[in-house]
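The two chains are supplied separately, each in an independent frame; assemble them into the complex guided by the hints.
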Amino acid sequence: MSKRVLVFFPSKEYTESLIPEIVLKSGTIFNTIKTEVTPTQVKIMGEIKADEEKAQEFIRILKRRGAVVKELGLMMRFDPDKCVACGMCVSLCPTNAITFNKDFSVRYDFDECVLCMNCVKNCPVKAVSYLGD
Amino acid sequence: MSDIRTIDDINKKIRGGEVVVATAPEMREIVAEKGAERAAKEIDVVTTGTFGMTTSSGAFLNFGHSDPQIKMGGGEVLLNDVPAYAGLSSVDTYIGATQLSKVHKLEYGGAHVIEDLVSGKSIDLKAYGSATQCHPIKEIRGEFTIGDLNQAIMVNPRSFYQRYNAATNSSDTPICTYLGTLLPNFGNVSYFSVGSISPLYNDPTFETIGIGTRILLAGGIGYVIGEGTLHNPKAMCGSLMVKGDLKKMKQRYLRGATIANYGTALFIGAGVPIPVLNSTIAKNCGVRDDDIKVNIYDYHIPTRVKPLIKKTTYKELRSGKVVIGNRTVKASGLSSMKMALEIIGKLKDMIEEGEFFLTKPVERITMESMMRPMKLVYVRASDVMSAPVTCSADDSLKDAEKLMLDKKAGYVVVIDKQRHVQGVLTSWDVAKSVVTNGTKVKDVMTSQNIKTSRKDEPVEVSIRKLEQYRVRGLPVVDDEGKVLGVVRMQDLKYKVK
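From first to last, the protein sequence lines are chains W and R. Heads up: the first sequence at position 103 corresponds to 103 in our numbering, and the numbers run straight through without jumps. Count along the second sequence from 1, add 133, and you get the number used in our numbering.
The shape of chain R in the complex, shown without the other chains (with noise of 0.2 angstroms):
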């Protein structure tokens, strides 16, 4: 595909006041009436946008050397009560987004130290550090405001994230989660992105978007510096690097928040331009929300790899509602379209104003996917378990009471002939048929909502449940379901250490 104008021709434009820009939802108009050739040559800038929530951001900030000096760097610095790094010299530090106050816990968090900087408030700052030769104090305290750092430069090591699961709960409690609250029995759905208008969406093979980018970041002027950590493209789920001067950026496109029983994050707007230099780049900014498929998943298994319950596109989540099974379920993003289209009108307004201009990238964005899991060394519930003390439904109490007391277990898993779990007997449940007069195993055995541990699930999981849900303990069950042993917290105890 030859190109029909260069990055200098559109400078040149926006120079002489002349460029034509449309922001993303004009494009696609556009396109789909018009086509990819004839949009191309009509058109010169797509602005695009997004406006949410992000975990993986924060910003670098040097102090400026005390007098007499500090040595910061090996010791501990705090911002409002929130930790800052104190690996870099001895008055630089970062503050992360997700950093939680050593006072307000999840109320206040490092991204709500970076939205009171922006906004200008005083900072209250404590450091630590040992003391040397030249560095002769150990603790400072000190306020400021951004104006008396020398630098605030926020560096996002993963933005834009391109798609993203959505999620919902089939569980029949609610469940905290970073994509916030989610309802038991399919209450709610929840998902990122603003979809069709949403950068890598309008350039998913990084024709454009590539290090050195110029972009919106936050109100101020940012920069692509590279891919974002789990940079996924060839799975629509490319991510960037970006920094920009905290110092030039506003509040309105940058808050700190706070997810319920979960941790704290950074609402970050940024918008960026597209050159349209050929026909190819004019179809992919044609993209329509029914182009792009999410899928679903069950949040409640707290596994990497999650149950999907439903594959569907973001024109069905926008509408607010998603059909599961035969219900009607609420949905919606944690992404906020309103100020991504406010974002992508005022970078239109930018551009056609000669305020903002374009850079050529100075190398490209790989489309090399960065996204293996982390590797563990852990201990399995197959690991811990001991072995199990069954009966069958259909034995008498007697026999079963008897075979506890034998064993001196406390905890009976009840088995079918295929060893399938279809109940526990706990020694509460004998008390029980005291009262119920129970006499076969079935009457009185739990056999509701039994909580079971897969065989190579991580001792960790197990531990979660049996403190979530309360109860004794956890047949341990291979992928066909058959019992193998049982994990007790008496059994965990000490195996793990």
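One chain only, chain W, in its complex shape (with noise of 0.2 angstroms):
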């Protein structure tokens, strides 16, 4: 069980140690995919190891110290009846994130996801879209 998560801390109430201080305290496994550092804040692209419970107690923490927190699940929406199954998305798919099902209809796994926007940009339909951060 996993889910990836889009952490936003304002670069003034973030400090390095902070991931791994509330990793400790929580005793719930936090990778770290992607860290994007600006002036004004900090943007860290993550996947909470644990079940759905313990995620969003983490989330919660997360939260209380500063973050706006948001589900990658919830930022990318797939249209399955836009979709035709092509595949085109598939291949270029860098993680897992895409599949196909016994079926040949394709299958998004948004807590695989790395927000690289390839099905994005490519699907012939637009059966795949970001809803923004």
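Source of the hints: derived by calculation from the structure; they are not laboratory data. No false leads were slipped in.
If we take Cβ atoms under 10 angstroms as the criterion, some of the chain W residues that face chain R in the derived model are:
#1 C83
#2 A85
#3 G87
#4 L92
#5 V106
#6 V125
Note that the structure is predicted; figures quoted are calculated from it, not measured. Ideal Cβ positions, reconstructed from N, Cα and C, are used throughout, including at glycine.
Printed below as a string of structure tokens:
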């Protein structure tokens, strides 16, 4: 079980030990996939390795420490009715977020997504979209 | 091979509700299990199908006369700002799938107009013509849906392309092709076709598919009207020209598509019934994905004949993973197995329920190939190149600089004794040497990733390279890689004109 999230900290609230501190305190593993630091904010993409309950607890702690947390699954939208299952996105996906089901329909798992946007930019029928952060 | 049944026999059985239909995947198993002879005895019809991207597609539309009348022929026709062909009579046009909107460019094209028509959406019409005695107005604006048209007939000059190259990219940047985006360093493999369930694999010699064959085209009834353009059956690259009534088509099987940074195309689903008249036809229908060979080419090279990277089969492609060298690369097709299987099942149901009858072709599809390349009048890189200023890598920088001044050259090709390119020395490299303190040419020259032009290369390709890689010049090399000259942007500007 894992949940991908984007965590935004205002720069002044963020210290490098913040995430390890929360990890130690909560006992929940958090993998950092990508960190982006700008003068005003720190944006961390990561993966909470826990079941839903523990993941939500982890998100609550992050929020208490001043973070804005967004779940990747809610930032991307896949519309299976629009999809023609051509599979163009499948080979462009750098992770295993996009795969074929047994019936050859396309399956999106945004908890594997790294927001590379390859699928969004390339979908011929615009069946997948990024809703913004 | 004597026939064990005729198309009339099959239609009689369809009418009587006792026809035995197998989908292509089912037939494959039956042939493998029981052999072609028994399969032919048991099965009357095999349904095959495809759902893929087509660029050679479009529709003839007739608007009916306006009052007062306009002569669109010879003028200009725009449907939702997408130009349609205006070389026909006063109120006929042809909207092609790849024509781009004048406003939305890649986001909306003829393919999308066709999808919007089929889904019943209202289309904006602008037409401009010249005023004549019979046609007094020069300009009209209208709105119509497919129901308002007298006729809307899809005619696809090339459909069901049997086999097509698979593509990959060896370069270090992503490229945008008609097979979609190809990621750098063999990042992915892209291909067309649904493989062994596709119609022309099940009837590669056109035993049953011919002119007049009734098919399921985008959910409606369609017909094969001839061989397709670029028909090349000898190389297993046959194609068909088909027509169908757009008014009867369904949006589910016809979708406008945009290939990123490339253009628009139309996804079309089609089903073709194959009457099992004898055991040879049954045997052909037993085709498997591992029987179909496909070549993977490097699409980074923009020539017609591209470097072959690997010979593979649809089986490997369809597995989603292809081994190239020592790497496993993700592969996916631009044809939908899901939709193709749905269509094959639907066609089977229609035949079994007596809603779809088979036709006997009025003429066979030719087995002649029509695949000659285009004859071009073009300027070659070697026609416009200028004499190269060359030096050797071991020359001292001072000498090279003196040479550049003497020859007024800002671009010097560094060559070895065999006249092979080792690098280039530009005035920029010389400027750098002031800081890096190099003393020999080889210390400061650019030697990584030198782009060259082949001597026979059309000059347009050289121009594209100059622009794409933002380099000042390209050494022109012969087949052995020896430097013959240099093409520079400044040479091209006036020489081409």
